[in-house]
Amino acid sequence: MTDASELKRRTAELLAAHPPATTERTDFLRARFDAGLAWVHYPEGLGGLGAPRSLQAVVDAELETAGAPDNDPRRIGIGLGMAAPTILKYGTEEQKQRFLRPLWVGEEVWCQLFSEPGAGSDLAALGTRAVRESGGGWVVNGQKVWTSSAHLARWAILIARTDPDVPKHAGITYFLCDMTDPGVEVRPLRQVTGEAEFNEVFLTDVRIPDSRRLGDVGDGWRVAQTTLMNERVAIGGMRLPREGGMIGPVSKTWRERPELRTHDLHQRLLTLWVDAEVARLTGERLRQQLVAGQPGHEGSGMKLAFARLNQEISGLEVELRGEEGLLYDDWTMRRPELVDFTGRDAGYRYLRSKGNSIEGGTTEVLLNIVAERVLGLPAEPRTDKDVAWKDLAR
Amino acid sequence: MTDLLYSEEEEALRAAVRDLLTDHCDAPGVIARTESDTPHDREAWKALADGMGLAGLLVPESLGGQGASHREVAVVLEELGRSVAPVPYLTSAVVATEALLAFPHSRLRSSGGTPIADDLLTELASGRRVGALAVALNVAPGGAHQAVRHEGGALRGELTGIADAAAADVLLVPADDGGLYAVEADAVTVTPQVSLDQTRPLATVTLDGAPGRRLGDAGPAVRRALRAGAGLLASEQLGLADWTLTETVRYLKERKQFNRPVGGFQALKHRLAQLWLEVVNLRAAARNAADALATGEDVEVAVAVAQAYAARVAVHAAEEALQLHGGIGMTWEHPVHLYLKRAKADSIAYGTAGAHRAALAELVDLQAP
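Chains as they are written, first to last, in the numbering used here: chain A, 1 to 394; chain B, 1 to 369.
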């Protein structure tokens, strides 16, 4: 069993063999991966030691103290949070060996080719086609949308339709797609904020060898559940101090700018401050439940709560700013590498947070999920379950 | 860090209280009692207080209590809220008890103590006597309240809006000399007021030269009592909201119209899911307030946050329950009106959400214009 002291010993060994001060960043990260200290809960040989996930904090703390470089996790969030757990669970040995190391080190950025213009909430209705060639490989045609990092990515996790003659969930297959294939075209997708955080991806006769299929043919929907589950965990799992999140900047403005205060805004601000504090406590309670090994249903609600709060708080902040609220910092079309909600002005936050109730599951779909899975209310009538995908209304 | 969960002991306490209330406080019985001469359920009170010792949770063991904390009291109040039980628990075992606890503990100190307060605590802890703080139910912690005149050793005046006064054996009465006095109920006239919430009825207390025993200064004792009352009321409100949501979900799975369960219509599913989110939030806020009262850390903000949030949820849950039950929800026979009336009265009790927001504005430095 690998315990904390064993991990400290191995970390010290790594630091001794590859002193951060004199080791090139990528070399250090590769060595860290090979020492099993990248994600300690992964298996040996794949960057881990099969240790409890909670012990990662021990390694991270030691490395931070030693001034070691990290793998810039925000830049490679989709790879770490979504592609890696799916490859680990469903990948062949060859796939795991080929992809996980450069993914973790950050040499290869990943993106996610799931959503389509015609398949949003109803993702399983997706229409991007993958057709098998005589040689066993696949030819892919279709259009994907809302793809962050596509312009930086070397690889993509992709789901495509391989059998249109069976009901929609049954005819999907999961692939690892080479973004340098000449058939892949990435175009920035400009959004209401003026910038392009996301992309559209057009796939024209993209060739994918069968060795880059993840899981069985027709089993892609099940494989994708692993990816999507990890996405919701990533969106809902943050821990905040009081006045963390969007209530912080507006409270600061209120304190610093007494001339902007009105009685109406005061009541609304206090109400939202209370809502934000209560949501924070709910998140903290959820975290305590997880630690105590009693996972509750509260997680389903966190994303819903934060979407509404972000929208209402930023909306109030625009109004509070009065004449300045009529202005906007910058409409220039840019492609930011990272999304920073607090780095820009209230107008940006107001517009960007509109997406919070759409991305990662719309509020309407999540309310259905709560009603059905938590409260046990009857499911929505399904007219699509036993119909071949090609016969669905579109 | 604040512990927002329930311990195993707290869950066991919940189960015991729920069992007891299932036996004593069924809805038809509670409804029938509201129009009887005895609006309070003496038997349920005896079982809770005498049988289980719950009236003394906040009282130290040296005074005959359980020496437990606000966390356990909060669990009891959740269950009392779930059954809208007409017992003077919040008013006697929490608010009057907290007022008395504000005075120095005479048996541990040779001087400066208040034996009267200690004796009363022992009596209230046993549940054989019921106490009530003679401050109107709507007063927020730190808010202005009425006081009677102290003239020549006797108390004179009229106090209105005193919750559960009809059940009280002893009243804790603030007087115009700044003192808090213990007054026997048989020395005053208690006149029931027709109350919105018949399960926690108000009364007018008239003192016409009543003798009182001075406990000490009223100010800090009343403030402490109302703060604890406000903070723990959130747990009662959680119980109300939890019951109304659970019962509405149950009913809508069963009720059929248009050849299908009404609970399958998306418009209603979304409303119920929304309500569930609110109840989940209220649970975190109520646990936070109870834990803060127990540890003494961050009490004022925790109580103000809980009370600025709880009323909206409890009232919303009860209003949705009535609406989604349709016609049956509008009848006297169905218990949902008990929950609506309690939730609405609770939204005023120990200060409105607005009063607690105003307190927060000072506490967290978000000053008014």
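Incorrect hints may have been included.
Okay, derived cross-link-like pairs now, SDA-like style, lysine to any residue, Cα gap no bigger than 25 Å in a straight line [claimed, not checked]:
(1) A/Lys252 with B/Val364
(2) B/Lys253 with A/Gln267
(3) A/Lys252 with B/Gln66
(4) A/Lys303 with B/His316
(5) B/Lys253 with A/Pro381
(6) B/Lys253 with A/Gly118
(7) B/Lys341 with B/His40
(8) A/Lys385 with B/Leu268
(9) A/Lys303 with B/Thr246
(10) B/Lys256 with A/Ser148
(11) A/Lys252 with B/Gly354
(12) A/Lys385 with B/Val262
To give an idea of the chain B side of the interface with chain A (calculated C-beta under 8 Å), a few residues [as the list claims (entries may be wrong)]:
(13) Leu4
(14) Gly264
(15) Ala267
(16) Trp276
(17) Arg287
(18) Tyr309
(19) Asp365
The set of hints was computed from the structure by calculation and includes no laboratory data.
Glycine included, C-beta positions come from ideal geometry on N, C-alpha and C.
Tested hints:
no.	hint	verdict
1	A/Lys252 with B/Val364	holds (11 Å)
2	B/Lys253 with A/Gln267	violated (38 Å)
3	A/Lys252 with B/Gln66	violated (45 Å)
4	A/Lys303 with B/His316	holds (21 Å)
5	B/Lys253 with A/Pro381	holds (15 Å)
6	B/Lys253 with A/Gly118	violated (33 Å)
7	B/Lys341 with B/His40	holds (16 Å)
8	A/Lys385 with B/Leu268	holds (24 Å)
9	A/Lys303 with B/Thr246	holds (23 Å)
10	B/Lys256 with A/Ser148	violated (46 Å)
11	A/Lys252 with B/Gly354	holds (22 Å)
12	A/Lys385 with B/Val262	holds (23 Å)
13	Leu4	holds (4 Å)
14	Gly264	holds (3 Å)
15	Ala267	violated (11 Å)
16	Trp276	holds (6 Å)
17	Arg287	holds (7 Å)
18	Tyr309	holds (5 Å)
19	Asp365	holds (6 Å)
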